[in-house]
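Novice: Residues per chain, in single letters:
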Amino acid sequence: MDSLVDIRNLSFHFGSTTVLSNISFSINKGDFVGLIGPNGSGKTTLIKLLLGLYKIQKGIIRINGKEISHFSDWGTIGYVPQKVTNFSDTFPATVQEIVLTGCLSNKKFPRRYTSEDRKTTLDALKKVEMQGFLNRRIGELSGGQQQRVFIARALVTRPDLLILDEPTTGVDQVTQNKFYDMLGALNKEGISIVLVSHDLGRITRHVTKVASLNKKLDFYGTHEEFCSHPDHDADHHCLTIKHGSDCKEPHCAKESPRC
Amino acid sequence: MLELFQYAFMQKAFITGIVIAIACSLLGVFLVLRRYALMGDGIAHIAFGGVATGLLFNLTPFLGALLFSLVGSLGILKIKEKTNLYGDSAIGIVSHAGLGIGIFILSVANGFNVDILSYLFGSILAIRQSEMILSIILAIIVIGVIYLFYNELFSMTFDENSSKTFGIKTSLLNTLLILLTALTIVSSMRVVGLMLASSLIILPASSALQLKLSFRNTLIASVGIAVLSVVLGLCLAYWFDFAVSGTIVLLNAVFFLFIQIVKMSFRLYSGVLSVSNND
Ligand SMILES: Nc1ncnc2c1ncn2[C@@H]1O[C@H](COP(=O)(O)OP(=O)(O)OP(=O)(O)O)[C@@H](O)[C@H]1O
Ligand SMILES: [Mg+2]
Numbered sequence: 541m542d543s544l545v546d547i548r549n550l551s552f553h554f555g556s557t558t559v560l561s562n563i564s565f566s567i568n569k570g571d572f573v574g575l576i577g578p579n580g581s582g583k584t585t586l587i588k589l590l591l592g593l594y595k596i597q598k599g600i601i602r603i604n605g606k607e608i609s610h611f612s613d614w615g616t617i618g619y620v621p622q623k624v625t626n627f628s629d630t631f632p633a634t635v636q637e638i639v640l641t642g643c644l645s646n647k648k649f650p651r652r653y654t655s656e657d658r659k660t661t662l663d664a665l666k667k668v669e670m671q672g673f674l675n676r677r678i679g680e681l682s683g684g685q686q687q688r689v690f691i692a693r694a695l696v697t698r699p700d701l702l703i704l705d706e707p708t709t710g711v712d713q714v715t716q717n718k719f720y721d722m723l724g725a726l727n728k729e730g731i732s733i734v735l736v737s738h739d740l741g742r743i744t745r746h747v748t749k750v751a752s753l754n755k756k757l758d759f760y761g762t763h764e765e766f767c768s769h770p771d772h773d774a775d776h777h778c779l780t781i782k783h784g785s786d787c788k789e790p791h792c793a794k795e796s797p798r799c
Numbered sequence: 014m015l016e017l018f019q020y021a022f023m024q025k026a027f028i029t030g031i032v033i034a035i036a037c038s039l040l041g042v043f044l045v046l047r048r049y050a051l052m053g054d055g056i057a058h059i060a061f062g063g064v065a066t067g068l069l070f071n072l073t074p075f076l077g078a079l080l081f082s083l084v085g086s087l088g089i090l091k092i093k094e095k096t097n098l099y100g101d102s103a104i105g106i107v108s109h110a111g112l113g114i115g116i117f118i119l120s121v122a123n124g125f126n127v128d129i130l131s132y133l134f135g136s137i138l139a140i141r142q143s144e145m146i147l148s149i150i151l152a153i154i155v156i157g158v159i160y161l162f163y164n165e166l167f168s169m170t171f172d173e174n175s176s177k178t179f180g181i182k183t184s185l186l187n188t189l190l191i192l193l194t195a196l197t198i199v200s201s202m203r204v205v206g207l208m209l210a211s212s213l214i215i216l217p218a219s220s221a222l223q224l225k226l227s228f229r230n231t232l233i234a235s236v237g238i239a240v241l242s243v244v245l246g247l248c249l250a251y252w253f254d255f256a257v258s259g260t261i262v263l264l265n266a267v268f269f270l271f272i273q274i275v276k277m278s279f280r281l282y283s284g285v286l287s288v289s290n291n292d
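Chains as they are written, first to last, in my numbering: chain A, 541 to 799; chain B, 14 to 292.
For reference, chain A alone in the conformation it holds in the complex:
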């Protein structure tokens, strides 16, 4: 079995509200999963369960065959959150200080950085083309650049699985496309990816699987299966794929009236 993540019959409630209901699927090594669904459909909740940030109420999550409550090898998982807690533009921290914290997951008390850590930090920043910003304060960077720094922080331990929760909110389209290309390249290098996004059209070129969430898992399969499914016939993005159009870019489906 080379399934990296295995989710079985997972349900989750906030008080009396059901947020996730009986979800089962697995992510294989090398998958690039696009996790889609409307606002409030439970995407972030699912990811937080996957990361052990919420306690599991019902069902099982296994990572590398290990139940999540016993899993401790967090260095193999990189996480880029939807929003970074406590962080404001006045926070006194340099890019280097932030990316280095990613190394903490591989360490035991007293957690101290080595020169090797400084090297992998620089390597990770090179991957996201931010090596020139090592000593800049995080607040002085643009939103897209900040997001790259957080990805570098997640990459610094060379994880097997990278989980990104809507990493491109507030990032312009050109940068978004470049960003998704970068994720595609990382995936080709062998890193499995779970990417939360509202906009399937924008990420189709790279994802190998689509998971459509709305409390329940509406659909899980390849992108082609998603579009050939009768439920998704009306999906704007799938129509474009099926009937073709004069658009060169497959991901411009929603914006342009021509498509």
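Since the hints were derived computationally from the structure, they do not count as laboratory data. The beta-carbon is built from N, C-alpha and C at its ideal position, and this holds for glycine as well. Among the hints, a few may not be true.
Unchecked claim - Computed list of lysine-lysine pairs in DSS-like fashion (alpha-carbon distance at most 30 Å, straight line): (1) A/K728 with A/K659; (2) B/K177 with A/K756; (3) A/K667 with B/K177; (4) A/K749 with A/K598; (5) B/K95 with A/K623; (6) A/K648 with B/K91; (7) A/K659 with B/K225; (8) A/K749 with B/K177; (9) A/K667 with A/K728; (10) B/K91 with A/K623; (11) A/K598 with B/K95; (12) A/K595 with B/K225; (13) B/K25 with A/K648; (14) A/K667 with B/K91; (15) B/K177 with A/K648; (16) A/K666 with A/K623; (17) A/K595 with B/K93; (18) A/K598 with A/K569; (19) B/K182 with A/K647; (20) A/K623 with B/K25; (21) A/K569 with B/K177; (22) B/K182 with A/K595; (23) B/K225 with A/K606; (24) A/K728 with B/K177; (25) A/K595 with B/K91; (26) A/K595 with B/K25; (27) A/K598 with B/K93; (28) A/K755 with B/K95; (29) A/K666 with B/K225; (30) A/K718 with A/K598.
Said to hold, decoys possible - Have a look at the derived ranges for each label pair, beta carbon to beta carbon: (31) A/T558 with B/S184: 22 to 32 Å; (32) B/S184 with A/K598: 18 to 28 Å; (33) B/L98 with A/K598: 29 to 39 Å; (34) A/K648 with B/I153: 17 to 27 Å; (35) A/T630 with B/G105: 18 to 28 Å; (36) A/T715 with B/Y160: 34 to 44 Å; (37) A/L662 with B/A139: 50 to 60 Å; (38) B/F255 with A/F554: 51 to 61 Å.
Given chain A, work out where chain B with the ligands should sit, using these hints.
Specialist: What follows is chain B with the ligands alone, placed relative to chain A:
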């Protein structure tokens, strides 16, 4: 003029003051960034209740303050956790309970022969050897713990959720941070007094945060400002016969203001430059 460094009581004051300034100013950066700036104030009020209780039962006030502030700070955390109070209310509730206890005991006991004012406003020049040693031990514990957990504390101050995925026990560290605040307040009680104890936590950190430095340099700047204000404050107080605690805190406020003014004039200056460049 420099004879002040020869007096034993001044030497004691300098040593105690500097060690405590370091502890307060280090802790302050974490607390201010975690939006716990008023934690120190709250704990100081609780400690006041402890001092009064200590005096009432003939314990050392130091011990009373320590016990009360440790229990009280844990109480604040628990209330924060278990109830849905908004923002700082948990601090307000526990700290006013502590203040109430203190004032109640004072009024019932009808005054003590030990001067409660020296705990409220500090009396570093009259500090006893045992108190000095105790203060220094507490402050060194605080500095040591911050040193040991520096990387974890930074990480969780910046991004708590991600830090959890790094395997950092954030709620444990958070509790530790609050307990350290209690130790810090009690250790600085005799230096600046409970009324002003939290000022050494908030002011140097806030000044340093204005400077837009890296995290490490912000800590260094905060310590520098705090130590400078203690040394300068003690000297000024000696030369001009000022109240020590008031002088130290005022100097901190002056530093804050000074940084603001320099920043503002710099901005004004570069504004003038860019306008003239546009011509
Ligand atoms: N801490 C919380 N307490 C109570 N309810 C919550 C909490 N966090 C989320 N919810 C609810 O759980 C549901 C799922 O939220 P979640 O954040 O997982 O959605 P999402 O799919 O990530 O949405 P978005 O696209 O807006 O990020 C929502 O209805 C939300 O109101
Ligand atoms: Mg979300």
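Novice: Falls inside 17 to 27 Å, the C-beta gap from A/K648 to B/I153?
Specialist: About 24 Å separates the Cβ atoms of A/K648 and B/I153, which means 17 to 27 Å holds.
Novice: A/K749 and B/K177 were given as a pair; does the straight-line alpha-carbon distance stay at or below 30 Å?
Specialist: holds (28 Å)
Novice: CA of B/K182 to CA of A/K647, is that 30 Å or under?
Specialist: holds (13 Å)
Novice: The hint says 18 to 28 Å between A/T630 and B/G105; measuring C-beta to C-beta, is that right?
Specialist: holds (26 Å)
Novice: Would you check the hint for A/K659 and B/K225, treating anything up to 30 Å between C-alpha atoms as holding?
Specialist: Between A/K659 and B/K225 the Cα gap is close to 25 Å, so the pair holds against 30 Å.
Novice: Just to be careful, I want the Cα atoms of A/K595 and B/K225 compared with a cutoff of 30 Å; is the pair within it?
Specialist: violated (38 Å)
Novice: Holds or violated: A/K749 with A/K598, Cα cutoff 30 Å?
Specialist: The given pair, whose Cα atoms are some 25 Å apart, holds under the 30 Å limit.
Novice: Within 50 to 60 Å: is that where the Cβ-Cβ distance between A/L662 and B/A139 falls?
Specialist: holds (54 Å)
Novice: Holds or violated: A/K728 and A/K659, Cα atoms, limit 30 Å.
Specialist: Given that 30 Å is the threshold and the Cα spacing comes to 23 Å, the pair holds.
Novice: B/K177 and A/K648 were given as a pair; does the straight-line alpha-carbon distance stay at or below 30 Å?
Specialist: holds (14 Å)
Novice: Check the hint pairing A/K666 with A/K623 against an upper bound of 30 Å on the C-alpha distance.
Specialist: holds (23 Å)
Novice: A/K569 and B/K177: Cα distance at most 30 Å?
Specialist: Roughly 24 Å between the alpha carbons, so the hint for A/K569 and B/K177 holds.
Going through the hint list in order, the structure does not satisfy hints 12, 13, 14, 20, 23, 26, 30.
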